[in-house]
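Q: We have chain A; now place chain B onto it with these hints.
Each chain, letter by letter, is given below.
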Amino acid sequence: MNPPILSIEDLNVSFKTSKGIVRANEGISLEIREGEILGLIGETGCGKTTLGKAILRLLSGKAKLEGKIVYRDTDLLTLPEKEMRCFRGKEIGIMLQNPSACLNPVLSAGRQIAEIYRYHEGMGKKEAEKKAGEMLELVGISSFRGCEYPHQFSGGMLQRVMVAIGLALRPGLLIADEPTKGLDTDTKLQIVELIAGLVRKENSSMLLITHDLELAGRLADRIAVMYAGEIIEIGKAAEIISNPKHPYTLDLLHSLPGKGFRTVPGQPPSLVSPPSGCRYHPRCSFRLEACSQVHPELLGFESERLTRCFLSEMGRIKETAAQPSLNSQPSLNSQPSLNSQSALKCAEEETWHC
Amino acid sequence: MWKYISKRLAMVSIVLMGVTLVAFSAMCLAPGDPAEVIALARYGEDLSASQIETLREAEGLDAPVHVQYLIWLNHLLRLDLGKSLVTSEDVLAEIRQKLPATAELAIASLLISLLIALPAGILGALRKNTLLDKSCMFVSLVGVSIPNFWLGLLLIWLFALTLHILPSFGYGSLKHLVLPALTLGTSMSAVTARLTRASLLEVMGQEYILAARARGFDEHTILFRHALKNAFLPVVTFAGMQFGYLLGGAVIVETIFSWPGIGKLLVDSIFARDFSMVQGCVLFIAVLFSLSSLAVDILYAVLDPRIRYDRRD
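The listed protein sequences derive, respectively, from chains A and B. Per our numbering, numbering through the first sequence is continuous, rising by one, with the last residue being 354. Per our numbering, numbering through the second sequence is continuous, rising by one, with the last residue being 1313.
Check before you lean on any hint, since a few could be wrong.
To be verified - Some chain A residues flagged as far from chain B (calculated, every beta-carbon gap over 12 Å):
1. M1
2. G45
3. G182
4. L194
5. P282
6. L298
7. G300
8. F301
Claimed, not checked - Looking from chain B toward chain A, a few residues come up when the C-beta cut is under 10 Å (computed):
9. R1056
10. A1212
11. R1308
As the list claims (entries may be wrong) - Chain A residues, not near chain B, derived (Cβ > 12 Å throughout):
12. K19
13. K82
14. Q112
15. K188
16. P257
17. T263
18. E304
Because the hints were derived from the structure by calculation, they are not lab data. From the three backbone atoms N, C-alpha and C, an ideal C-beta is built for every residue, glycine too.
The shape of chain A in the complex, shown without the other chains (with noise of 0.2 Å):
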């Protein structure tokens, strides 16, 4: 097991507001590992664009962050602000979502990757021009449309042009918020592919937010699914896939087009006042007595997987995702080994089910 590019202890990440404190994240620890890709899924609002800011301390002013963000060796939340910048676009890359927001309209595309080389590299105008249109190339555009505006690309370009940007330095990690948002299926797989080859071929890192569960089992090694601000599962991706341990994990599973397109029943919690308990328990279909009083800890008992769920610290979910498919391959094609009929016959066998 490689050792962790950056490691994420104990994170909260709360705003002040008119409404009260919106605790955006909550106790959040996890690692991402030298040429690991991490994927982070999760609702809309569930806080996952958060902990990407948090990392490279992007969130406006107002944003308490309290815990460690550890890149290899340095304690992030503790650097001065100067400092802190040699490590945005050097050390860790970020592609925010939206790339035709994210890029200046005003500025040509290979102008705004040629600053890069010139910031961070001191190189002069047109050595950073000729390292631009490099990238450009390895991004699979051609360089002469480096003098090209954002609005005369079309959105997978806009996107290539910002993994451009993300990898110009070849930083150890790269933050991939949402990339294949607003791209057609084609258009997405493609963008998906070259980032994930190139971070490969780079041996660099990636920690890639997405709310598309299949896109992250494709490409990721491990998979951290968010709920609410919480980490709730995290595991191998195949694993994750094939066998989820957590309701909401299991749901939205099915809320894919190939598994039921089933969508998780109520809405998201306010993360102002975020349920009792477990934060999942308004909308679980599995949920027992104790799951609207007592907040559940995120578990493991296995080797590389963590659960925060009643039900699976009890084996409960376990022993019913064993019963229908546990042989199957973790494609993306097949059925969920866990289907919620099987857990929910299990869940109402409970004694102590409300």
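A: For chain B alone, kept in the frame of chain A given last:
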């Protein structure tokens, strides 16, 4: 780019067509018989009916209105704006003679305005909600609210009457320029400062600024390389319009300081009932204004690639 400019030029010529119509009909719609008006302006007393008829024929005022317009337009195309009713001087020559003073004042005021407004607006945006920001914005609020003529009088009182360091009126030296330019410049800077601040604040909140920060750039680089070019787009439009307005003569300020520019010429002609001169001034001001807004449009395209390139390319 050239397509864009030619499109703009076409628009401007349509606007100018409209301007000639308005300027011409203003003459026709003016109360009283034009011939009588001319007679009154030229000879200062009532003439007999037959004399007025002779004048009418001599001036071509007996022809139908549209024929008069076409004749007038024909003259216009040959840059003939007619002669002053009072002094019989050539209108265009008169305006040309006044133009340098007006241009001098316009440029000086614009410079003063930008020198005050841009730093104040940028500082205000960068130090949002601090004491510095609030005092800048308060001063500019006061600046917006003070009428030109009053500020002009105040400045005359302070610098000319009390301190005796600057002349209170007249034209000729740099010293004469200071007070009128300061009056116009400070009052213009108030709005520009607020616009700059608002525009920069909006730009600094954009995603691409955060994205630039995520690339590790310092705030200085972000401000000068990424933010200002975007933030200046509305400021350029506004300052350009102001400049166009100033080129047409700042009527009030030129009058207060007896500045021999187009604004003062216009006012004097109105009082002298010199209709052809008024008409010529109005036309000239409208042309200058249209041309300066054309210049702004072109500058806008230079700054903003989204406008420079048509969607088709």
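Q: Now tell me, hint by hint, if it's right for this structure.
A: Hint-by-hint comparison with the structure:
1. A cut-off of 12 Å between C-beta atoms confirms that A/M1 is not in contact with chain B; the least separation is 29 Å.
2. Consistency note on A/G45: stated as away from chain B, and its beta-carbon is indeed over 12 Å from all of that chain's, at 18 Å minimum.
3. For A/G182, the non-interface assignment is confirmed: its Cβ lies about 14 Å from the closest Cβ of chain B, beyond the 12 Å cut-off.
4. Distance check on A/L194: its Cβ is at least 19 Å (rounded) from any Cβ of chain B, clearing the 12 Å threshold; non-interface status holds.
5. For A/P282, the requirement that its beta carbon stay farther than 12 Å from each beta carbon of chain B is met, with the minimum near 33 Å.
6. No Cβ of chain B comes within 12 Å of the Cβ of A/L298; the nearest lies about 29 Å off, and the non-interface call holds.
7. In this structure A/G300 is separated from chain B by more than 12 Å, as the shortest Cβ-Cβ distance comes to about 33 Å.
8. For A/F301, the condition that its CB be more than 12 Å from all CB atoms of chain B holds, with the nearest at approximately 38 Å.
9. The restraint placing B/R1056 at the interface with chain A is violated, with a minimum CB-CB distance near 59 Å, outside the 10 Å limit.
10. With a cut of 10 Å, the hint placing B/A1212 at the interface with chain A holds, because the nearest CB-to-CB distance is about 7 Å.
11. Hint on B/R1308 holds. Least Cβ distance to chain A is approximately 8 Å, under the 10 Å limit.
12. Taking the minimum C-beta to C-beta distance to chain B, about 20 Å, the non-interface status of A/K19 holds against the 12 Å cut.
13. Not every Cβ of chain B is farther than 12 Å from the Cβ of A/K82; the closest lies at roughly 8 Å, contradicting the non-interface assignment.
14. Its beta-carbon lying about 9 Å from the closest one in chain B, A/Q112 breaks the requirement of being farther than 12 Å from that chain.
15. Residue-level check passed: A/K188 sits 21 Å from the nearest beta carbon of chain B, beyond 12 Å.
16. Its beta-carbon lying about 29 Å from the closest one in chain B, A/P257 satisfies the requirement of being farther than 12 Å from that chain.
17. The non-interface label for A/T263 is consistent with chain B: the shortest C-beta to C-beta separation is roughly 29 Å, beyond 12 Å.
18. Residue placement check: A/E304 keeps its beta carbon more than 12 Å from all beta carbons of chain B (closest about 30 Å).
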